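J.: Here is what each chain is made of, one letter per residue.
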Amino acid sequence: MEQIHFNQLKETLNHKTLPNGLKVYILEKKDFNKTYATFTTHYGSVDNHFVPLGKEEKVKVPDGIAHFLEHKLFEKEHGDVFQDFSKQGASANAFTTFNRTAYLFSTTGDVEKNLTTLIDFVQAPYFTEKTVEKEKGIIGQEIRMYDDNPDWRVYFGLIANMYKNHPVAIDIAGTVESIAKITKDDLYECYNTFYHPSNMLLFIVGPIDAEKIMGLVEKNQAGKDYNDQPPIERFFDEEPAEPANRKEVLHMPVQTPKCYMGYKEKRPQRSGKDLLVRELSINLLLEIMFGKSTKNYEKLYEEGLIDPSFSFDYTEEMGFGFSMIGGDTTDPDTFAQRISEMVNEFKQKTLNEEDLERARKKKIGSFLRALNSPEFIANQFTRYEFNEMNLFDVIPTFEELTVKQLQDALNDHFEESQLTVCQVKKKQS
Amino acid sequence: MTLVDHHVADMPGMTLHTIETTKYKTTSLILQIKSPITEEEVTKRALLPYVLQSGTERYPSSKELRGALDGLYGATLGVDLSKKGEYQIITLRMDVANEKFLSDNTPLLDRAFELLSQVLLKPAKQGEGFLPRIVQKEKRSLKQQIESIYDDKMRYANKRLIEEMFDEEPYRFNVYGNEQEVDSITPETLYDYYIKVMKEDEIHLYAVGDVSRNALQELAKKHFVFPQDRMEPKRTSPTGKQRVDEVKEVFEEQEVQQGKLHMGYRTYITYSDPEYLALQVFNGVFGGFSHSKLFMNVREKESLAYYAASRFESHKGIIFVMSGIETKNYEKTVKIINEQLEEIRNGNITDGELEQTKAMIRNQILETVDDSTGLVEVLYHEVVSRHKRTIEEWLEGIQNVTKEQVRDVSQKIQLDTIYFLKGRGE
Chain W
1 MEQIHFNQLK ETLNHKTLPN GLKVYILEKK DFNKTYATFT THYGSVDNHF
51 VPLGKEEKVK VPDGIAHFLE HKLFEKEHGD VFQDFSKQGA SANAFTTFNR
101 TAYLFSTTGD VEKNLTTLID FVQAPYFTEK TVEKEKGIIG QEIRMYDDNP
151 DWRVYFGLIA NMYKNHPVAI DIAGTVESIA KITKDDLYEC YNTFYHPSNM
201 LLFIVGPIDA EKIMGLVEKN QAGKDYNDQP PIERFFDEEP AEPANRKEVL
251 HMPVQTPKCY MGYKEKRPQR SGKDLLVREL SINLLLEIMF GKSTKNYEKL
301 YEEGLIDPSF SFDYTEEMGF GFSMIGGDTT DPDTFAQRIS EMVNEFKQKT
351 LNEEDLERAR KKKIGSFLRA LNSPEFIANQ FTRYEFNEMN LFDVIPTFEE
401 LTVKQLQDAL NDHFEESQLT VCQVKKKQS
Chain B
1 MTLVDHHVAD MPGMTLHTIE TTKYKTTSLI LQIKSPITEE EVTKRALLPY
51 VLQSGTERYP SSKELRGALD GLYGATLGVD LSKKGEYQII TLRMDVANEK
101 FLSDNTPLLD RAFELLSQVL LKPAKQGEGF LPRIVQKEKR SLKQQIESIY
151 DDKMRYANKR LIEEMFDEEP YRFNVYGNEQ EVDSITPETL YDYYIKVMKE
201 DEIHLYAVGD VSRNALQELA KKHFVFPQDR MEPKRTSPTG KQRVDEVKEV
251 FEEQEVQQGK LHMGYRTYIT YSDPEYLALQ VFNGVFGGFS HSKLFMNVRE
301 KESLAYYAAS RFESHKGIIF VMSGIETKNY EKTVKIINEQ LEEIRNGNIT
351 DGELEQTKAM IRNQILETVD DSTGLVEVLY HEVVSRHKRT IEEWLEGIQN
401 VTKEQVRDVS QKIQLDTIYF LKGRGE
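So the sequence lines, in the order shown, correspond to chains W and B.
Residue 146 in the UniProt record's numbering is what sits at position 146 of the first sequence, and the numbering runs on without skipping anything.
Residue 329 in the UniProt record's numbering is what sits at position 329 of the second sequence, and the numbering runs on without skipping anything.
Bound-form chain B, shown alone:
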């Protein structure tokens, strides 16, 4: 038995992925819309999904649209923005109760498909633009969302690190766009951009639930009818430095109780590379778990922090380290973190560390696919990287990674930028 019954079908205008499973009491429909992230479009693209989820031709206000969703036993409609490599991805997600678990038998799924397709394909319009009332509201809300990054100091420090580290690469743009550009967007310019998205972007629909593949395909065919003149989607390959000559150190001061230390490393390895699995194991030995070197040394041994961890971005090939520390411990902490990387470079990895890391990664992958959002996230890696790796291959590949491979990967990795948000006057 395979772990995931994943079937892919090309349809006019989009690719349909069906995953049949009896795990859930609801059915999830997840649309992923992908395009390269660019300075000209990043803010419009950030605004677009919020406008789309605020009204359709039939339900031209958020209130009416939400009322229709409530009627479908509280089907949820949500949007999300993410950056994978140098793509800015829009996610529209609908989740609807499976009729099997309800005492009344209204056919909910057909109506959910219809509603989601209308959110994407039949937005509320006025003349050649979106409804000004909706655009106005969502512009204000987007500005507020951008501002709120500043209020969450961990997110803010991460954003600042990325801006500093990738100052000459498209990866520097935040998925929510630029606050200064929001005002200049009009209902018409946004609608023009929407037409372009519908023509040029790569669109995938994932349907996950206890419903037969045939039924899902029929519903997708019935409701998702795209304009005829679709173009071949644009692709981008990651740009970026191939070597770090000097580590950049950036300090900023704010009135905070705890300093936020964020460090960015270039690995030069992405999802489609053969060394990707060794990179994943490296990250686990370095800072991915509570047995990792960062946690053991920064927290357990030295009591410097509550959290000290690393995570990696699969499509840009970046590792981020983060820790919350007292401002006066900055140098000591950076030194300890550097030493941990050096340890791995010298091949100082115990059998225990390696085996524990592999067991944890295996566990993590299997747990992720238990959740429909996590599952789609995992499957979508294939779309972004154009590289196929089944869950089984992934698990087996991790098992086969050797200490030497982890050491080799660690020797390629280079620290690029250190960003430290420190307390005032310290």
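Just chain W, with the same shape it has in the complex:
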């Protein structure tokens, strides 16, 4: 077992890659009551075009299948695994993102038993025609719930504006029509391709003994028969650099309109240190431009264009990336115009050291705060690892970033040609 020490943070991370390829990470948090574990596959809604394990021809699967599979994996011949967890005093859950599906539990009771349940249920699929059909009603209502949520619609609407061919533009849960086509055989095909241990990561954090837990996981995995799997072949159609659509207006029964705008990343092919530097640089720039202590924020607030729902973020993964700025606003058109003016104005000026220092400190403080949460650590560590980054490099990387690096990121990312807008306006009835 490898031990990685992060002295400034007073944390030690334990790690081992098992013979079947599964990556295991364990972080001891002796003061906590709770243990939190996530078992994640590097497979999400964008992985809809691939060569199934053991086949020659690539296939395209129905939209929403990764999320559907996530729901169905909980059901077994003996019943629902949710129930097994709650009998053992744990609460279980799962979520699907663009490129991950995570299964998790938290417990203040029997960690070893619950961990075994987690690993075993994810590694033993049981899909039948009957249970697949039953789930369609439930997921149908989940889709309807999101359809009625304007914050969700505007956020995903913005992403859909950006991408012409990349499947990140497709709803994670699919549509009522697309999920109607899903069969148990489709689920098995996706499962067999993407749930091999070499495509997965297990993270456990809590008041546990790392050595003992690692022993348990090793023994569990040694008892299962896995053949080595060749690398998974995934296909993505060529994506133009510029956004597919410059503006979209959705009409919904709301009182306060919403406006989100974003810059589409031109070359979202980074990983590792490059990606980390990129993400942190753009996030720092957004903070310097639109953080609560900036002139811009003050102006926008005084002009009545923003309220406390205003936010911004930058995210990038292999194949897609974008910044987004938005929130509730009484005047979505003026909002869009002002934000883009402010970005352009900012690009004319030279960045100063003082602004960078302020934003840097703020970001380091927020990162420390986020580390109070075992959930944040497990979920984000996994995301970082799948993109060949290390979560615990965030503070040192923030400390190293220079004005020059930020200036380059600013000129490269915030280009007018990459800008797109999505708004929710009041439906006139």
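It is worth saying that the hints were derived from the structure and are not from the lab.
Hints are all accurate, no fakes.
Computed Cβ-Cβ distance ranges for the label pairs, DEER-style:
| id | chain 1 | residue 1 | chain 2 | residue 2 | range |
| --- | --- | --- | --- | --- | --- |
| 1 | B | Asn178 | W | Glu133 | 44 to 54 angstroms |
| 2 | B | Phe226 | W | Glu416 | 52 to 62 angstroms |
| 3 | W | Asn93 | B | Lys301 | 13 to 23 angstroms |
| 4 | W | Glu211 | B | Asp273 | 39 to 49 angstroms |
| 5 | W | Gln428 | B | Asn348 | 48 to 58 angstroms |
| 6 | B | Asp5 | W | Ser311 | 31 to 41 angstroms |
| 7 | B | Asp273 | W | Lys30 | 30 to 40 angstroms |
Calculated cross-link-like contacts (lysine-lysine; reagent style BS3-like; alpha-carbon spacing at most 27 angstroms):
| id | chain 1 | residue 1 | chain 2 | residue 2 |
| --- | --- | --- | --- | --- |
| 8 | W | Lys247 | W | Lys164 |
| 9 | B | Lys301 | W | Lys87 |
| 10 | B | Lys328 | W | Lys134 |
| 11 | W | Lys181 | B | Lys301 |
| 12 | B | Lys422 | W | Lys136 |
| 13 | W | Lys212 | B | Lys23 |
| 14 | B | Lys100 | W | Lys10 |
| 15 | B | Lys125 | W | Lys295 |
| 16 | B | Lys125 | W | Lys292 |
| 17 | W | Lys16 | B | Lys23 |
| 18 | W | Lys134 | B | Lys422 |
| 19 | W | Lys29 | B | Lys358 |
| 20 | B | Lys335 | W | Lys130 |
| 21 | B | Lys332 | W | Lys134 |
| 22 | W | Lys136 | B | Lys328 |
| 23 | B | Lys23 | W | Lys29 |
| 24 | B | Lys248 | B | Lys422 |
| 25 | W | Lys134 | B | Lys335 |
| 26 | B | Lys332 | W | Lys136 |
| 27 | W | Lys295 | B | Lys122 |
| 28 | W | Lys130 | B | Lys332 |
Keep in mind that this is a model prediction, so the values were computed, not measured.
Heads up, the beta-carbon is just placed ideally off N, CA and C, and yes, glycines get one too.
Keeping the supplied structure of chain W fixed, place chain B upon it in accordance with the hints.
T.: For chain B alone, kept in the frame of chain W given last:
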């Protein structure tokens, strides 16, 4: 070892709670300011914390104040409003990095205490009022926040249920106040109200982090100096019907894809009652978890919904049920929900359900206190109810609840109001 090292000290003007723990990389300071919710004051009270966090005497604009926070390694300052029983509670929260984890050693905590105390005690003023510029901005923003409840259909349906169910009780008021009343507030009337708050409200400060109790007490003493003429805080006991004669059914139509079904029950049991723990177990068997009767029957058995759950309000003694369904399934769903309550009333609870529920509640309590916000929330129940129950007593009490006690509680519970937001033309 106790689960939470919670120490309480009375100070002039406020009560200080210190919780020493090595769990966190930051220190949290949480001010809770409590007063009964009233029609005359609800909107002013909702506006006040947003004005306070927008400027102090030394930093008279949001920009300057936020700049000072950024300088403290991105200390956060946030405000929150909540309703517990018939109290409207203002929360001011500051969270600051613990110097131990930083490469530079500026003393952050002292400055954080100072800044938070100034937000509360030394607001930016002009004449006998707050700064008009700030009040103006925050009035507009509050109106927008009230309007945005309408845009989130789950929140909207919950608000509407409460308005209908408590139409004659102060509990009907929303913590964000009334949109129509925002305009009439002036910098002066709001400042008068602030003076009253500082004189009459019950104020508690919770300090949570890896800092010694003595150091926290010294800092609180140094920075929190209140006006001398503080009065005894006002108290209120929950009002409300003692019996439901007829279930009220309210329908509303909007252009939504999914109908929102919300149901309100009176339990006549609150945090300080001996039956409170049995009520908590009841809620767990009924709809609190994914093994509960509502989830198992509405979702798993009938595929009617993605969510079907219940939750309870500890100080008003209310249970809320909520589910998102197709409009045409309204009657079927209500029938199934009613049947689940009936099952419990008839004592149809399996040993498995009871044990699972207890294990989940235990887990939930222990997990909640791992998080500083959750921990303060739990400890603050004691202040609102004036009833002491340590975490250990709570856990033990849950363990001792019997099936009969759960059944007895369920027999007291009465459905009061059903609110259904349905899709247009269905």
